[in-house]
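Enquirer: So you can see what is in the structure, the chains are spelled out below.
Protein chains: 2
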Amino acid sequence: MKIKVLCTGTLSHQYLGEGVSYYIQKLKHYGRFELIELKLAKNKQSEDPTQVKKNELSLFIKHINAGDSLVLLDDKGQQFDSIAFANYIQTQTNHTPGNIVFCIGGAFGFDDELYKMAKAKISFSKLTFNHQMFRLILLEQLYRACSILKNEPYHHA
Amino acid sequence: MKIKVLCTGTLSHQYLGEGVSYYIQKLKHYGRFELIELKLAKNKQSEDPTQVKKNELSLFIKHINAGDSLVLLDDKGQQFDSIAFANYIQTQTNHTPGNIVFCIGGAFGFDDELYKMAKAKISFSKLTFNHQMFRLILLEQLYRACSILKNEPYHHA
Numbered sequence: 066m067k068i069k070v071l072c073t074g075t076l077s078h079q080y081l082g083e084g085v086s087y088y089i090q091k092l093k094h095y096g097r098f099e100l101i102e103l104k105l106a107k108n109k110q111s112e113d114p115t116q117v118k119k120n121e122l123s124l125f126i127k128h129i130n131a132g133d134s135l136v137l138l139d140d141k142g143q144q145f146d147s148i149a150f151a152n153y154i155q156t157q158t159n160h161t162p163g164n165i166v167f168c169i170g171g172a173f174g175f176d177d178e179l180y181k182m183a184k185a186k187i188s189f190s191k192l193t194f195n196h197q198m199f200r201l202i203l204l205e206q207l208y209r210a211c212s213i214l215k216n217e218p219y220h221h222a
Numbered sequence: 066m067k068i069k070v071l072c073t074g075t076l077s078h079q080y081l082g083e084g085v086s087y088y089i090q091k092l093k094h095y096g097r098f099e100l101i102e103l104k105l106a107k108n109k110q111s112e113d114p115t116q117v118k119k120n121e122l123s124l125f126i127k128h129i130n131a132g133d134s135l136v137l138l139d140d141k142g143q144q145f146d147s148i149a150f151a152n153y154i155q156t157q158t159n160h161t162p163g164n165i166v167f168c169i170g171g172a173f174g175f176d177d178e179l180y181k182m183a184k185a186k187i188s189f190s191k192l193t194f195n196h197q198m199f200r201l202i203l204l205e206q207l208y209r210a211c212s213i214l215k216n217e218p219y220h221h222a
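In order, the protein sequence lines correspond to chains A and B. Take 66 as the starting number for the first sequence in our numbering and just add one per residue. Take 66 as the starting number for the second sequence in our numbering and just add one per residue.
No wet-lab data here; the hints were simulated from the structure. No experiment lies behind these values; they were computed from the predicted model shown. Ideal placement from N, C-alpha and C gives every residue a C-beta, glycine not left out. Worth double-checking, as some hints may not be accurate.
Pair ranges (Cβ atoms, derived) [as the list claims (entries may be wrong)]:
1) Lys119/B x Leu122/A: 51 to 57 Å
2) Lys119/B x Lys127/A: 52 to 58 Å
3) Gln144/A x Thr158/B: 27 to 33 Å
4) Ala131/A x Pro114/B: 48 to 54 Å
5) Gln116/A x Lys107/B: 57 to 63 Å
6) Thr115/B x Ala131/A: 52 to 58 Å
7) Asn216/A x Glu112/B: 19 to 25 Å
8) Gln116/A x Lys104/B: 47 to 53 Å
9) Asn159/B x Gln110/A: 40 to 46 Å
10) Leu214/A x Asp177/B: 30 to 36 Å
11) Asp177/B x Tyr219/A: 26 to 32 Å
12) Lys181/B x Lys127/A: 54 to 60 Å
Starting from the given sequences, assemble the full structure and let the hints guide the process.
Expert: Here's what the structure looks like:
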């Protein structure tokens with residue numbers, strides 16, 4: 066069992082890259098973790114929202130296997146507090162034969178096909194966060210969840 | 066009229082400091098903005114939550130003037146989406162004789178005295194965010210709010 070985070074595009078700010086690396090190292094202490102940064106081929110780039118979502122879908126599905134539990138980070142999703150989020154991950158870990166795959170959509174959200182495949186939609190906030198910064202926010206929250214599940218003091222620090 | 070952010074403690078991660086500096090520069094393009102990082106004197110440090118909150122209060126109130134609109138970032142606060150948050154700031158700007166002061170509490174939250182002084186409590190999420198990272202998240206959201214109010218494209222990027 067692995068936790069995977071799928072996202073699109075390269076980070077354009079070095080400080081975000083450093084923060085993301087910091088949490089990847091921390092998450093690897095808890096088990097198998099992978100962040101996969103997907104890049105659209107130049108000839109696959111489009112301005113049309115439907116086409117963008119279709120192109121992103123074609124990248125995402127290569128990393129989602131039968132038996133995985135797919136979780137979309139979506140502004141219309143369910144909100145958890147950090148302890149409930151940790152418990153959700155624990156439940157998925159116990160009942161998923163494959164990996165838990167968190168998927169951060171592009172600027173236009175997700176293709177319908179991905180919604181059909183998803184086990185859950187989770188929203189972190191009613192606010193729209195910066196797309197690149199969200200990668201850091203999610204990783205910190207996954208680290209917090211792992212520390213909660215291990216009864217470590219981070220969550221109360 | 067100025068937007069002020071009051072917070073306690075020094076950032077311990079360089080990457081967060083770089084991100085915070087990045088948004089401070091961006092926010093200064095929209096008008097007067099100030100981030101004030103308050104530090105407790107060594108002989109004022111305590112382990113007792115009530116005392117910590119009292120000590121932090123004594124720092125915060127030096128930067129809050131009569132006529133200011135005090136907004137506490139509080140997990141029990143009201144949730145806005147980014148457009149409603151921008152509109153809230155606009156309304157405060159129109160009706161506040163002083164400054165809009167956003168206050169990020171310490172690990173134990175705020176002293177009751179501060180709740181009494183506050184115009185509003187706002188929550189960004191049901192999740193508990195990393196205290197230091199929250200400074201970055203708030204600044205990005207203030208920048209987003211300013212760009213929304215100026216009809217600039219950032220919010221849709």
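Enquirer: Please go over all the hints and tell whether each is borne out by the structure.
Expert: Against the structure, the hints come out as follows:
1. Lys119/B x Leu122/A: 51 to 57 Å: Since Lys119/B and Leu122/A have Cβ atoms about 54 Å apart, the given range 51 to 57 Å holds.
2. Lys119/B x Lys127/A: 52 to 58 Å: Between Lys119/B and Lys127/A, where Cβ atoms are some 56 Å apart, the hint holds.
3. Gln144/A x Thr158/B: 27 to 33 Å: Given range 27 to 33 Å: holds, Cβ gap about 29 Å.
4. Ala131/A x Pro114/B: 48 to 54 Å: At 49 Å between Cβs, range holds.
5. Gln116/A x Lys107/B: 57 to 63 Å: holds, 59 Å
6. Thr115/B x Ala131/A: 52 to 58 Å: holds, 54 Å
7. Asn216/A x Glu112/B: 19 to 25 Å: Since the Cβ atoms of Asn216/A and Glu112/B sit about 21 Å apart, the hinted range of 19 to 25 Å holds.
8. Gln116/A x Lys104/B: 47 to 53 Å: holds, 52 Å
9. Asn159/B x Gln110/A: 40 to 46 Å: Since the Cβ atoms of Asn159/B and Gln110/A sit about 42 Å apart, the hinted range of 40 to 46 Å holds.
10. Leu214/A x Asp177/B: 30 to 36 Å: holds, 33 Å
11. Asp177/B x Tyr219/A: 26 to 32 Å: About 28 Å separates the Cβ atoms of Asp177/B and Tyr219/A, which means 26 to 32 Å holds.
12. Lys181/B x Lys127/A: 54 to 60 Å: Roughly 56 Å apart at Cβ, these two residues keep to the hinted range, so it holds.
In the structure shown, no violation is registered for any of the earlier numbered hints.
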